[in-house]
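J.: Take a look at the letters that make up each chain.
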Amino acid sequence: MLTKRASLKLATALAALMVAGSAHAAEKLRLLTWSGYAPQEVIDQFTKETGIEVEVTTSNNEEMISKLRATQGAGFDLAQPSQDRIAGPQAEFGIYKPLDMSKLKSDQFIGSMLEATKKNTTVDGKVYGVPHIWGTDGLVVNTKAAPKVADYNDLCDPALAGKTSFRAKRPALIAFAFANGMDPFAAYSDPKAYAAMMDKVGAKLAECKKNVKFFWEGSDQLLNAVRSGEIVAAMAWDTGGWKLNAENPDMKFIAPKSGALGWVDTFAIPSKGRNDDAAYKWINFNMRPEIAAKVAAAAGNFTASNGADKLMQGKLKDQFAESFPKAAIDNIRWYPAVPAGLEEIEGKVLDRLKAGS
Amino acid sequence: MTAKPAQRLTLFLLLAPAVLWLGLLIVLPHVEILVLSFSERVAPRVYAFGLGNYLEFFTEPLYWRTFARTAFMSILVTALTLVLAFPIALYIARVAQGRLKAMLLLLCLLPFWVSELVRTLGWMILLRETGVISYVLLATGLTEQRVEFLYNDGAVILGLVYGGLLFMIVPLANALESLEPAIVEAGYDLGGSRWTVLRRIVIPHAMPGIVAGSIIVFMLTIGNFATPVLLGGKNGLWFTEQIYAQFITRFNWPQGAAFGMLLLLLSSAIVWLGLRLTGQSLGTTLKQA
Amino acid sequence: MASSTDLDIVNVTKRFGAHAAVDDVSFSVAPGEFFSILGPSGCGKTTLMRMIAGFEHPTSGDIRIRGQSMLGVPANKRPVNMVFQSLALFPMMSVGENVAYGLTCRGVSRAEAEERASRMLDRVGLKGFGERRVTALSGGQRQRVAIARCLVLEPTLVLLDEPLGALDLKLREHMKIELKQLQGTFNTTFAYITHDQSEALVMSDRIAVMNQGRFEQVGSPRELYHNPETPFVASFVGETNRWQGEAAPASGGAIAVRLPSGAVVQGQGRAASGALAFVRPEAVALAQDPASLSTLPNRFEGRVSAVLFDGAASSLLIDTAGFEQPVRAVLPQAGPLAGIHVGAPVHLGWTADAMKVFAA
Chain A
1 MLTKRASLKL ATALAALMVA GSAHAAEKLR LLTWSGYAPQ EVIDQFTKET
51 GIEVEVTTSN NEEMISKLRA TQGAGFDLAQ PSQDRIAGPQ AEFGIYKPLD
101 MSKLKSDQFI GSMLEATKKN TTVDGKVYGV PHIWGTDGLV VNTKAAPKVA
151 DYNDLCDPAL AGKTSFRAKR PALIAFAFAN GMDPFAAYSD PKAYAAMMDK
201 VGAKLAECKK NVKFFWEGSD QLLNAVRSGE IVAAMAWDTG GWKLNAENPD
251 MKFIAPKSGA LGWVDTFAIP SKGRNDDAAY KWINFNMRPE IAAKVAAAAG
301 NFTASNGADK LMQGKLKDQF AESFPKAAID NIRWYPAVPA GLEEIEGKVL
351 DRLKAGS
Chain B
1 MTAKPAQRLT LFLLLAPAVL WLGLLIVLPH VEILVLSFSE RVAPRVYAFG
51 LGNYLEFFTE PLYWRTFART AFMSILVTAL TLVLAFPIAL YIARVAQGRL
101 KAMLLLLCLL PFWVSELVRT LGWMILLRET GVISYVLLAT GLTEQRVEFL
151 YNDGAVILGL VYGGLLFMIV PLANALESLE PAIVEAGYDL GGSRWTVLRR
201 IVIPHAMPGI VAGSIIVFML TIGNFATPVL LGGKNGLWFT EQIYAQFITR
251 FNWPQGAAFG MLLLLLSSAI VWLGLRLTGQ SLGTTLKQA
Chain C
1 MASSTDLDIV NVTKRFGAHA AVDDVSFSVA PGEFFSILGP SGCGKTTLMR
51 MIAGFEHPTS GDIRIRGQSM LGVPANKRPV NMVFQSLALF PMMSVGENVA
101 YGLTCRGVSR AEAEERASRM LDRVGLKGFG ERRVTALSGG QRQRVAIARC
151 LVLEPTLVLL DEPLGALDLK LREHMKIELK QLQGTFNTTF AYITHDQSEA
201 LVMSDRIAVM NQGRFEQVGS PRELYHNPET PFVASFVGET NRWQGEAAPA
251 SGGAIAVRLP SGAVVQGQGR AASGALAFVR PEAVALAQDP ASLSTLPNRF
301 EGRVSAVLFD GAASSLLIDT AGFEQPVRAV LPQAGPLAGI HVGAPVHLGW
351 TADAMKVFAA
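Residue numbers (UniProt numbering), protein chains in the order written: chain A, 1 to 357; chain B, 1 to 289; chain C, 1 to 360.
In isolation and in its complexed conformation, chain A is listed as follows (with noise of 0.2 Å):
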């Protein structure tokens, strides 16, 4: 009902105020990020050091932007979205301020990826986004069973039928782009080009469809199909892929064939943040390579963090190198940021999938 969407809004603002009133006794660092950025651990050490309290909430990119939306960027000090959701998102609400890079040890970044990172996040000449963490979404197969598949539209192959998985959001639209094909990338800048070539993976997906078992939402609903058999392919986040594997080998994260897709997380401060000064310290805190690898290790994920990766535990490593050959590295479609507008876009043929039968 309205009232119960009403009122969910309004406990997000309630409690955002909460939080704001009692901001004031220690100091404090209000973390909006995703689950396992942050351990204990590490803000038990970061603590230690500064004297700062570190204050976490987990969510996701959508959340993110809709939480900071509803206090016009009030409420948190420090945001980790994606690098690809902050321009646009920023262009229509105006919820991040300017990052001073100045305050960075630039350094301790992997220097291509800072920058590919602070291109897509400048909007008017400004950068607002540096990178954190960074994975993939590619395939997670049970190779025993479908030893075949290979591509995204091989989760469309009647052999699996009710066996294979996919996400109903975005990523799913641009991978079955690629691997029909197409360079959706290369449509963003053009919304009715986009548009025309979103219709056309929204039909491939619309015939995939009776292919596919459920729509996944969250990963442990995926893992736990996947672990009992009843999916047996599914495009997903490697760090899940490398999850299963680590239990069971012949479940393995593959690259595919048109390419994974590589996101980045980054650091981003929201436009009412009241500690940038404490955001700061985590950011140049979090990119030293001793921490940066502990928190790699516990999100399951690679780090943007310069020299860390030789402190990474070699399962991990052997679980990447399996899975990305050197071409597929190469392969990797690193996400332009979103212009505003094409969520619209998407969001209409999303429905359209779901909605249809």
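Calculated directly from the structure, the hints in this document are not laboratory data. Among these hints, one or two may not hold up.
Stated by the list, open to error - Which chain A residues stay away from chain B? Per the calculated CB distances, all over 12 Å, these:
hint : residue
1    : E27
2    : G111
3    : G125
4    : A150
5    : A186
6    : V212
7    : D250
8    : K252
9    : F285
10   : A293
11   : A299
12   : G314
13   : W334
14   : G356
Unchecked claim - Cβ-to-Cβ under 7 Å is the rule here; a few derived chain B residues that face chain A:
hint : residue
15   : P44
16   : L62
17   : T66
18   : K234
19   : L237
20   : I248
21   : S268
As the list claims (entries may be wrong) - In the DMTMM-like style, the derived pairs of lysine to aspartate or glutamate whose C-alpha atoms are separated by at most 20 Å in a straight line are:
hint : chain 1 : residue 1 : chain 2 : residue 2
22   : B       : K234      : A       : E247
23   : A       : K348      : B       : E56
24   : A       : K148      : A       : D250
25   : A       : K210      : B       : E148
26   : A       : K192      : B       : E56
27   : C       : K180      : C       : D205
28   : A       : K257      : A       : D330
29   : B       : K234      : A       : E207
30   : A       : K209      : B       : E148
31   : B       : K234      : A       : D157
32   : A       : K119      : A       : D100
33   : C       : K77       : B       : E185
34   : A       : K348      : A       : D154
35   : A       : K315      : A       : E247
36   : A       : K204      : A       : D157
37   : A       : K209      : B       : E241
38   : C       : K77       : C       : D62
39   : A       : K210      : B       : D153
40   : A       : K348      : B       : E40
Please read these numbers as outputs of a predicted model, since none were measured by experiment. Just so it is clear, CB atoms sit at the ideal spot from N, CA and C, and this is done for glycine as well.
For this one, chain A is given, so just place chains B and C on it according to the hints.
T.: Just chains B and C now, kept in the frame of chain A:
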């Protein structure tokens, strides 16, 4: 002379929490949503007044079809809940006595001690392909392969009916309890069959309860979110999912607000129509509930 | 098989656990008869009636209507209709629908049912009330609807379960007469249960007095009143004076009862040792002059302790030597004693025939 303003002040102070509660939590958000629903995005950070968001609902078949589907399924769920709840309520109200009656009501209440999410997850454990029911069917040899019961409209209806049952049983049992036993006996005594007594005496008597329960279940169902999302298939989209999508994944608040208002208006219209068709007034119904 | 009776109750017993609510009761009701079952609450009369209607089933015995056993026949198939204590009119229907309900249950077409219902309403004096809500009727009108609802079905037997209980006194008096008249006009057999002896006495052709699941006596109102067969009937039906004492021999077929005070009264009846004696207030003769009572075997002297004025039903309470409780007598409406006051001395007496004696 001073007594009156003082009294008035006392009254005001006493009423203040209720007024604030109503105002802040119910009226204000609705007004805000209403205002929001009439704004259209012109350019980044520039909005203008317009009816575009409402037009979008009626011109884009996707949206009104989703609404029609949601409304139809909600009516179906309400009807099924009624059919299931009626005998239970009849038993609780007319047959069960004392401790048994309290226990039966408690039994109906029990599932509501856990959150809707947990209840729904419970259904998922039962219905999934590797779940309990599928396992039992396979183990007893009734089926040769595992069967998937989840992710279809049937599962959604099951979950929603389960969630609505209590809200139907309580007003129904209330209404049925007030039926004098002698009136039922008179119905038989004058030659009525079971069916005649049910149709001409019990059901008309329970009508306010039926209507009250149906309104509650219908509104709860059409506004439900978790159950259709979790149990629903890849084919079913509940209207609340559309609203969620507009607000959270599309960042299109005005469109979401318009959908919200439309949900409120259209579901109210359906309730009004239902009241008209059954010849009940909202006043007597609310009394029953 | 033709039967000369409408209702036969044959050795019916109904047990609830160890308790026998109805204990081996038998009786018959003739066509057109107004038959009442009179008893205090909890005596089993309601259970008996509910068995006849078909809502309860006898533990043993048989219930026959026009010679047909009703055992195993459900309530809605019996040629018996009931007027409930609460009347149980259907509030969700109009007056006309209430009356037509039974007809439509029998498959009579709607038009004909309505027609017959409206004719029935005419006959019970509710012409033009068909469209009204039952909640808009007065108590007496509701009563008539309840009866019309049964009579329209032309049942063999109408059962009435204290239908006048909820009415105020004036209306109750009026309805007693009306009921009796209705029963006469329709010539339908009525079985009426009540705890109010006045209702039973006024309306009934025959009355069964029921106590603790059993019939004490069945007879006409007069028989019950004047010749009660048991002490229960004697005390339950009509007003009476009741004394307890020891039986003592007496002459001339009479029996003497010695009261605890030593006073001896003479009456008719049988008792070995403990005895109960009953005298109706109207059988107590009063006089200022003891000589006018000299022919009576029971003569006493007393003083008026209370005047209970109630029009024709007025009575006196007289503190009498030898009696623990005041003796009740009818207040004379004329003559020298009509204006008697509290405290006035008075002589009282009664015949041996007027006093019924039973073994205690």
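J.: Does each hint fit the structure? Answer for all of them.
T.: Results for each hint:
1. E27: holds (32 Å)
2. G111: The claim holds: G111/A sits with its nearest Cβ about 32 Å from chain B, beyond 12 Å.
3. G125: holds (16 Å)
4. A150: holds (24 Å)
5. A186: holds (23 Å)
6. V212: violated (6 Å)
7. D250: holds (17 Å)
8. K252: Label holds. Min Cβ-Cβ 21 Å, cutoff 12 Å.
9. F285: holds (31 Å)
10. A293: holds (33 Å)
11. A299: holds (23 Å)
12. G314: Per Cβ check, G314/A is outside 12 Å of chain B; nearest 33 Å; holds.
13. W334: holds (22 Å)
14. G356: The assertion about G356/A is violated, with a minimum of 7 Å to chain B.
15. P44: It holds, given that the least Cβ distance between P44/B and chain A is near 5 Å, below 7 Å.
16. L62: With Cβ-Cβ at 6 Å, under 7 Å, it holds.
17. T66: holds (5 Å)
18. K234: Holds, about 5 Å.
19. L237: holds (4 Å)
20. I248: Interface hint status for I248/B: holds (5 Å vs cutoff 7 Å).
21. S268: Given a least distance of 10 Å, the restraint on S268/B is violated.
22. K234/B - E247/A: violated (29 Å)
23. K348/A - E56/B: holds (12 Å)
24. K148/A - D250/A: Holds, at roughly 13 Å.
25. K210/A - E148/B: This hinted pair holds, its Cα atoms lying about 14 Å apart.
26. K192/A - E56/B: holds (19 Å)
27. K180/C - D205/C: holds (10 Å)
28. K257/A - D330/A: holds (12 Å)
29. K234/B - E207/A: Given that 20 Å is the threshold and the Cα spacing comes to 13 Å, the pair holds.
30. K209/A - E148/B: holds (16 Å)
31. K234/B - D157/A: Distance of about 18 Å is within 20 Å: holds.
32. K119/A - D100/A: Within the cut-off at roughly 15 Å; holds.
33. K77/C - E185/B: holds (13 Å)
34. K348/A - D154/A: violated (25 Å)
35. K315/A - E247/A: Holds. K315/A to E247/A sits at ~12 Å (cutoff 20 Å).
36. K204/A - D157/A: Roughly 12 Å between the alpha carbons, so the hint for K204/A and D157/A holds.
37. K209/A - E241/B: Holds, at about 19 Å.
38. K77/C - D62/C: holds (17 Å)
39. K210/A - D153/B: holds (15 Å)
40. K348/A - E40/B: holds (17 Å)
Consistency with the previously given hints fails for numbers 6, 14, 21, 22 and 34, ordered from lowest to highest.
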